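**Student:** Now for the letters of each chain:
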Amino acid sequence: MKLPIYLDYAATTPVDARVAEKMMQFLTMDGEFGNPASRSHRFGWQAEEAVEIARSQIAELINADPREIVFTSGATESNNLAIKGAADFYRKKGKHLITVKTEHKATLDTMRQLEREGYEVTYLEPQTDGLVTIAMLEAAIRPDTTVVSVMFVNNEIGVVQDIAAIGELCRSKGIIFHVDSAQAAGKVDIDLQTLKVDLMSFSAHKAYGPKGIGALFVRRKPRIRLEAQMHGGGHERGMRSGTLPTHQIVAMGEAFRLAKLEMHDEIQRITVLRDRLLNGVKDIEQVFLNGNREHRVPHITNISFNYVEGESLIMALKDIAVSSGSACTSASLEPSYVLRALGMSDELAHSSIRFSIGRYTTEAQIDHTIKIVHQAIEKLRAMSPLWDMFKDGVDLNTVAWVAH
Amino acid sequence: MAYSNKVIDHYENPRNVGSFDKDDASVATGMVGAPACGDVMKLQIKVNAEGIIEDAKFKTYGCGSAIASSSLVTEWVKGKSLAEAQQISNTDIAQELALPPVKIHCSILAEDAIKAAIADYKQKHGG
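Residue numbers (the working numbering), protein chains in the order written: chain Z, 47 to 450; chain C, 4 to 130.
Bear in mind the hints are in silico, worked out from the structure with no lab data behind them. Treat the hints with care, as some may be off.
[As the list claims (entries may be wrong)] Stretch by stretch, here's where chain Z covers chain C in the computed footprint (C-beta under 8 Å, at least three residues):
1. 15 to 25
2. 32 to 45
3. 51 to 65
Here the structure is a predicted model, which is why all the values come from computation and not from measurement. Ideal placement from N, C-alpha and C gives every residue a C-beta, glycine not left out.
Given these sequences and hints, build the entire structure.
**Tutor:** Below, the structure written as structure tokens:
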């Protein structure tokens with residue numbers, strides 16, 4: 047088997063070969079390399095047509111109007127444009143925003159920036175299963191609340207928020223609702239004719255498209271206005287200037303077209319693999335699945351292995367490419383803020399692993415992963431004084447540790 | 004994290020993992036660190052009548068360099084007198100393993116573990 051095994055699809059996906067093939071047709075002299083904004087010749091017209099087809103393909107996956115799709119460089123930019131753009135435009139109405147502690151940094155850091163600019167932000171603390179409730183949101187809404195931002199699928203633990211219910215509440219209060227769907231496209235059904243969502247962010251590279259391209263859905267009815275954050279030639283109806291990267295847009299369109307065609311079969315296949323993985327590790331003692339068990343996508347599975355330390359676990363799992371809840375491998379020693387927001391102890395957050403399964407994951411890869419996980423946990427627990435103490439019935443919270 | 008080959012070797016083939024009977028009079032135990040800090044080291048030494056460390060074992064919950072540091076010191080203390088073992092410093096450990104700067108605390112913890120084990124021995128033997 048080719049090692050390491052890639053189980054980090056939530057970080058990024060490879061570009062689907064069919065998508066790459068399509069993308070290559072929009073680069074060279076022999077291809078359609080024109081600037082979609084060139085109105086005076088057929089190079090431009092052809093490129094524009096390709097962009098508009100891609101726009102429709104993206105709109106079709108989420109049941110939206112193509113005119114509601116604005117291309118950006120990715121979900122980070124979409125989140126910035128949506129939140130800053132709406133907050134700026136509607137600032138006379140109020141300066142209070144609401145989001146959740148477990149959002150992606152692209153949302154949280156955007157909110158922090160707005161706080162520095164004089165806005166007030168409420169950060170909801172989710173339940174220990176990662177979900178926010180309508181009651182929590184209702185309690186946080188104020189007369190001057192203008193924007194609520196909640197992600198569809200959490201990137202670390204894979205839980206799915208109740209976007210439909212949150213949308214109903216926001217709409218009834220006249221509040222703009224933004225949803226970060228970077229991890230949701232192709233993983234859950236998204237119907238923007240029924241969901242009362244005003245702004246929704248997408249990324250291509252989480253759905254087998256290339257990096258560097260994304261989109262923001264901006265609702266037309268009721269019409270949502272945004273203050274542009276990038277100024278220039280007035281592309282994308284003035285909401286996002288900058289020459290459209292035809293090859294990336296075409297690739298994103300193709301990736302989303304394939305997602306619409308294949309997502310239901312893919313979800314079934316990935317669910318089988320996820321269940322196989324969970325069954326394979328469930329007999330290990332002191333193993334915990336993080337996040338709500340029902341409201342989740344099968345693509346992302348976050349597991350804590352108690353009494354083993356995160357970095358040594360990652361070292362022991364060197365043949366599988368996964369993400370750790372521990373930031374130990376970087377210069378900071380802080381564990382994942384998402385897992386901490388669920389009320390998890392630092393130790394347990396440090397020893398958490400995110401396995402994310404995707405289009406090219408095989409049964410054999412999952413079986414090998416199960417084997418490696420067993421070996422790693424066995425080895426590290428045989429070496430762990432904490433495991434001995436746990437086995438001897440010592441409550442680790444009562445030990446007088448010699449902290450350093 | 005780019006670790007030295009020595010750290011990788013100690014991590015993959017740790018020396019002297021295990022425990023001695025802590026009630027054995029010749030055995031002394033040093034346990035340092037805290038789970039919340041991400042590392043706990045338990046170092047045990049077996050000391051003979053001449054005051055020489057005959058054997059050593061460790062168990063460590065921690066990152067790769069914490070495991071490597073404790074594995075290394077179990078090798079180093081063997082055959083040393085308590086006074087000699089007391090001289091092992093964190094800089095020696097960090098240098099031998101070529102620890103990156105953010106991991107120096109692991110070598111400090113290993114030094115502390117030796118000193119804690121020696122202190123435990125002296126306390127057990129009234130001295």
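**Student:** Does each hint hold? Answer for all of them.
**Tutor:** Now the hints, each set against the structure:
no., hint, verdict
1, 15 to 25, "holds (count 3)"
2, 32 to 45, "holds (count 12)"
3, 51 to 65, "holds (count 4)"
Checked against the numbered hints listed earlier, the structure breaks none of them; every hint is satisfied.
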